[in-house]
Each structure stands twice: as structure tokens, then as C-alpha cells.
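Line by line, the protein sequences are chains X and E. No gaps in the numbering here: position 14 of the first sequence is 14 in the numbering used here, and each next residue is one more. No gaps in the numbering here: position 76 of the second sequence is 76 in the numbering used here, and each next residue is one more.
Where hints are given, some of them may not hold.
[Said to hold, decoys possible] Listed next, the in silico EDC-like pairs over lysine to aspartate or glutamate satisfying Cα-Cα at most 20 Å (straight line):
{"hint": "1", "chain 1": "E", "residue 1": "41", "chain 2": "X", "residue 2": "84"}
{"hint": "2", "chain 1": "X", "residue 1": "71", "chain 2": "X", "residue 2": "24"}
{"hint": "3", "chain 1": "E", "residue 1": "20", "chain 2": "E", "residue 2": "52"}
{"hint": "4", "chain 1": "X", "residue 1": "56", "chain 2": "X", "residue 2": "42"}
{"hint": "5", "chain 1": "X", "residue 1": "71", "chain 2": "X", "residue 2": "84"}
{"hint": "6", "chain 1": "X", "residue 1": "5", "chain 2": "X", "residue 2": "59"}
{"hint": "7", "chain 1": "X", "residue 1": "68", "chain 2": "X", "residue 2": "42"}
{"hint": "8", "chain 1": "X", "residue 1": "71", "chain 2": "X", "residue 2": "55"}
{"hint": "9", "chain 1": "X", "residue 1": "96", "chain 2": "X", "residue 2": "15"}
{"hint": "10", "chain 1": "X", "residue 1": "96", "chain 2": "X", "residue 2": "24"}
{"hint": "11", "chain 1": "E", "residue 1": "41", "chain 2": "X", "residue 2": "31"}
{"hint": "12", "chain 1": "X", "residue 1": "68", "chain 2": "X", "residue 2": "24"}
{"hint": "13", "chain 1": "E", "residue 1": "55", "chain 2": "E", "residue 2": "65"}
{"hint": "14", "chain 1": "X", "residue 1": "96", "chain 2": "E", "residue 2": "63"}
{"hint": "15", "chain 1": "X", "residue 1": "37", "chain 2": "X", "residue 2": "84"}
{"hint": "16", "chain 1": "X", "residue 1": "96", "chain 2": "E", "residue 2": "52"}
{"hint": "17", "chain 1": "X", "residue 1": "93", "chain 2": "E", "residue 2": "22"}
{"hint": "18", "chain 1": "E", "residue 1": "66", "chain 2": "E", "residue 2": "27"}
{"hint": "19", "chain 1": "E", "residue 1": "20", "chain 2": "X", "residue 2": "58"}
{"hint": "20", "chain 1": "X", "residue 1": "108", "chain 2": "X", "residue 2": "15"}
{"hint": "21", "chain 1": "X", "residue 1": "5", "chain 2": "X", "residue 2": "31"}
{"hint": "22", "chain 1": "E", "residue 1": "64", "chain 2": "E", "residue 2": "22"}
{"hint": "23", "chain 1": "X", "residue 1": "5", "chain 2": "E", "residue 2": "59"}
{"hint": "24", "chain 1": "E", "residue 1": "14", "chain 2": "E", "residue 2": "65"}
{"hint": "25", "chain 1": "X", "residue 1": "96", "chain 2": "E", "residue 2": "59"}
{"hint": "26", "chain 1": "E", "residue 1": "41", "chain 2": "X", "residue 2": "42"}
{"hint": "27", "chain 1": "X", "residue 1": "68", "chain 2": "X", "residue 2": "84"}
[As the list claims (entries may be wrong)] DEER-style ranges, computed between Cβ atoms:
{"hint": "28", "chain 1": "X", "residue 1": "68", "chain 2": "E", "residue 2": "73", "range": "38 to 48 Å"}
{"hint": "29", "chain 1": "E", "residue 1": "57", "chain 2": "X", "residue 2": "74", "range": "46 to 56 Å"}
{"hint": "30", "chain 1": "X", "residue 1": "40", "chain 2": "E", "residue 2": "51", "range": "23 to 33 Å"}
{"hint": "31", "chain 1": "E", "residue 1": "109", "chain 2": "X", "residue 2": "58", "range": "27 to 37 Å"}
{"hint": "32", "chain 1": "X", "residue 1": "58", "chain 2": "E", "residue 2": "15", "range": "26 to 36 Å"}
{"hint": "33", "chain 1": "E", "residue 1": "61", "chain 2": "X", "residue 2": "78", "range": "33 to 43 Å"}
{"hint": "34", "chain 1": "E", "residue 1": "2", "chain 2": "X", "residue 2": "60", "range": "13 to 23 Å"}
{"hint": "35", "chain 1": "E", "residue 1": "83", "chain 2": "X", "residue 2": "56", "range": "33 to 43 Å"}
[What the hints assert, rightly or not] Partial list, computed: chain E residues near chain X (C-beta under 10 Å):
{"hint": "36", "residue": "28"}
{"hint": "37", "residue": "38"}
{"hint": "38", "residue": "46"}
Source of the hints: derived by calculation from the structure; they are not laboratory data. Where a beta carbon is used, it is the ideal one built from N, C-alpha and C, also for glycine.
Spelled out from the first residue to the last, the chains are:
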Amino acid sequence: DQQVKQNSPSLSVQEGRISILNCDYTNSMFDYFLWYKKYPAEGPTFLISISSIKDKNEDGRFTVFLNKSAKHLSLHIVPSQPGDSAVYFCAAKAGKLIFGQGTTLQVKP
Amino acid sequence: GAVVSQHPSRVICKSGTSVKIECRSLDFQATTMFWYRQFPKQSLMLMATSNEGSKATYEQGVEKDKFLINHASLTLSTLTVTSAHPEDSSFYICSARILGQGLGYTFGSGTRLTVV
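The following block holds chain X by itself, in its conformation from the complex (with noise of 0.2 Å):
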């Protein structure tokens, strides 16, 4: 059972475009969400999170929006780097992390 979804397994963006990807999820008792960054071979890093009480947050080129009705959250990226080029993976906390299966983000130049 997929706790944390998300569809796309890949995107591509030309560069200085924006960026989203999505994020699906269907435990209501998540009372956090992140987003992670990763590369080959090496564990993720950490971008931004949102607490469930919020719709926003912002930071730097990247905002993540919450919708709790629809349980979706997004990371939206503006504008696109090349180096922003990795997989995404979007999490959900309850206690321990559920993690999506991750979307590759290719941006070109």
C-alpha cells in the first residue's frame, strides 16, 4: 500500500522555466511533508518541508503548496537550473518517513 505517490517518473524543463512536481498521499495523520533532493549513489538532501497546517512555503527558487482537501502536495521550482537536475523525492512524516518513489527532473540548457 502506496502511502506517498508520485505518478511522474520523470520531467523536463528548459532552463529558467518553472519546474512542478506532484505529490499524492493518503494518510491524513501526516503532520509534515519534505522534499528531497538526490543523486546516484548518494543519500538525499533535504530542500524544504511544510508543516500540515500550513498551504505554503517558500524558500529560494522553491515553494512547496499543500492541499489537504485533495491530499497533494507540490514543489514548484523558478526559476530552473540546470544543476536542479535530480531525483525529487517527496515525503511524509508520521513518527518515520514515507517516501514517493521519487521523480527524475532533467532541466536543460
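Based on these hints, arrange chain E on the given structure of chain X.
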């Protein structure tokens, strides 16, 4: 920032042998350590949660006799894959929760295990 040092980064072992993976928290105390496994193009799947000085809690479907976890101190946790088989080949990652920091999950750099 908080760093978790994970070793080895990659290991190749023969089928039937055991492999130990270490995770050390540098400059902080990790009261809780999480162990994940990631198969190619798949999610990080939580295998077990260990608290210092107590037995690990394993997720459903994870064999505790095969994946031995020891968290003997606040700075060291180990995962031993016993009697490894080719299907155990995967990427193993540890994550430490930092005491007093609710969202303070710091990940190790991972270990690529290949069983031949």
C-alpha cells in the same frame, strides 16, 4: 551542519557471506536511526527503526534475523546483512534523527551492495 558518515560506500560480496554497514553521526547524538533500502528506480523503503540501547523495530516483510541492526551508542548504528543473496543487492541508506530537532533527519551517503 549535522553529518552522518556511512561506510562502506560500495561493497561486493559472495553469496552466503555477511556484510556490515556502519553509520556514524558526527558531532551530534542520534537517538534514532532509520535504515532504508532502495532498489533501482524505486522509492526509499524503510526497513527498520532503531533507538539507542534498545531493539530495532522492523517494518512488515523485513526479516529481522537477516538484517541485524545494532545501535549500541548514540553515535553508531550498524546494519549487518547475513547470508547475503543476489536479491539483497540494493542501495542501503541510513538516516539519523537529531535529538531535539523535530525535522532533523540527516541521511548517510548510502552503500551500494552487490551480491555475486
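The hints, checked one at a time:
no.: 1; hint: E:41 <-> X:84; in the structure: holds, 18 Å
no.: 2; hint: X:71 <-> X:24; in the structure: holds, 6 Å
no.: 3; hint: E:20 <-> E:52; in the structure: holds, 18 Å
no.: 4; hint: X:56 <-> X:42; in the structure: violated, 28 Å
no.: 5; hint: X:71 <-> X:84; in the structure: violated, 26 Å
no.: 6; hint: X:5 <-> X:59; in the structure: violated, 23 Å
no.: 7; hint: X:68 <-> X:42; in the structure: violated, 31 Å
no.: 8; hint: X:71 <-> X:55; in the structure: holds, 11 Å
no.: 9; hint: X:96 <-> X:15; in the structure: violated, 35 Å
no.: 10; hint: X:96 <-> X:24; in the structure: holds, 17 Å
no.: 11; hint: E:41 <-> X:31; in the structure: violated, 27 Å
no.: 12; hint: X:68 <-> X:24; in the structure: holds, 10 Å
no.: 13; hint: E:55 <-> E:65; in the structure: holds, 12 Å
no.: 14; hint: X:96 <-> E:63; in the structure: holds, 19 Å
no.: 15; hint: X:37 <-> X:84; in the structure: holds, 9 Å
no.: 16; hint: X:96 <-> E:52; in the structure: holds, 16 Å
no.: 17; hint: X:93 <-> E:22; in the structure: violated, 25 Å
no.: 18; hint: E:66 <-> E:27; in the structure: violated, 31 Å
no.: 19; hint: E:20 <-> X:58; in the structure: violated, 40 Å
no.: 20; hint: X:108 <-> X:15; in the structure: holds, 5 Å
no.: 21; hint: X:5 <-> X:31; in the structure: holds, 17 Å
no.: 22; hint: E:64 <-> E:22; in the structure: holds, 17 Å
no.: 23; hint: X:5 <-> E:59; in the structure: holds, 19 Å
no.: 24; hint: E:14 <-> E:65; in the structure: holds, 19 Å
no.: 25; hint: X:96 <-> E:59; in the structure: holds, 11 Å
no.: 26; hint: E:41 <-> X:42; in the structure: holds, 14 Å
no.: 27; hint: X:68 <-> X:84; in the structure: violated, 27 Å
no.: 28; hint: X:68 <-> E:73: 38 to 48 Å; in the structure: holds, 40 Å
no.: 29; hint: E:57 <-> X:74: 46 to 56 Å; in the structure: violated, 32 Å
no.: 30; hint: X:40 <-> E:51: 23 to 33 Å; in the structure: holds, 31 Å
no.: 31; hint: E:109 <-> X:58: 27 to 37 Å; in the structure: holds, 29 Å
no.: 32; hint: X:58 <-> E:15: 26 to 36 Å; in the structure: violated, 50 Å
no.: 33; hint: E:61 <-> X:78: 33 to 43 Å; in the structure: holds, 40 Å
no.: 34; hint: E:2 <-> X:60: 13 to 23 Å; in the structure: holds, 21 Å
no.: 35; hint: E:83 <-> X:56: 33 to 43 Å; in the structure: violated, 49 Å
no.: 36; hint: 28; in the structure: violated, 15 Å
no.: 37; hint: 38; in the structure: holds, 9 Å
no.: 38; hint: 46; in the structure: holds, 6 Å
Checked against the numbered hints above, the structure violates hints 4, 5, 6, 7, 9, 11, 17, 18, 19, 27, 29, 32, 35, 36; every other hint is satisfied.
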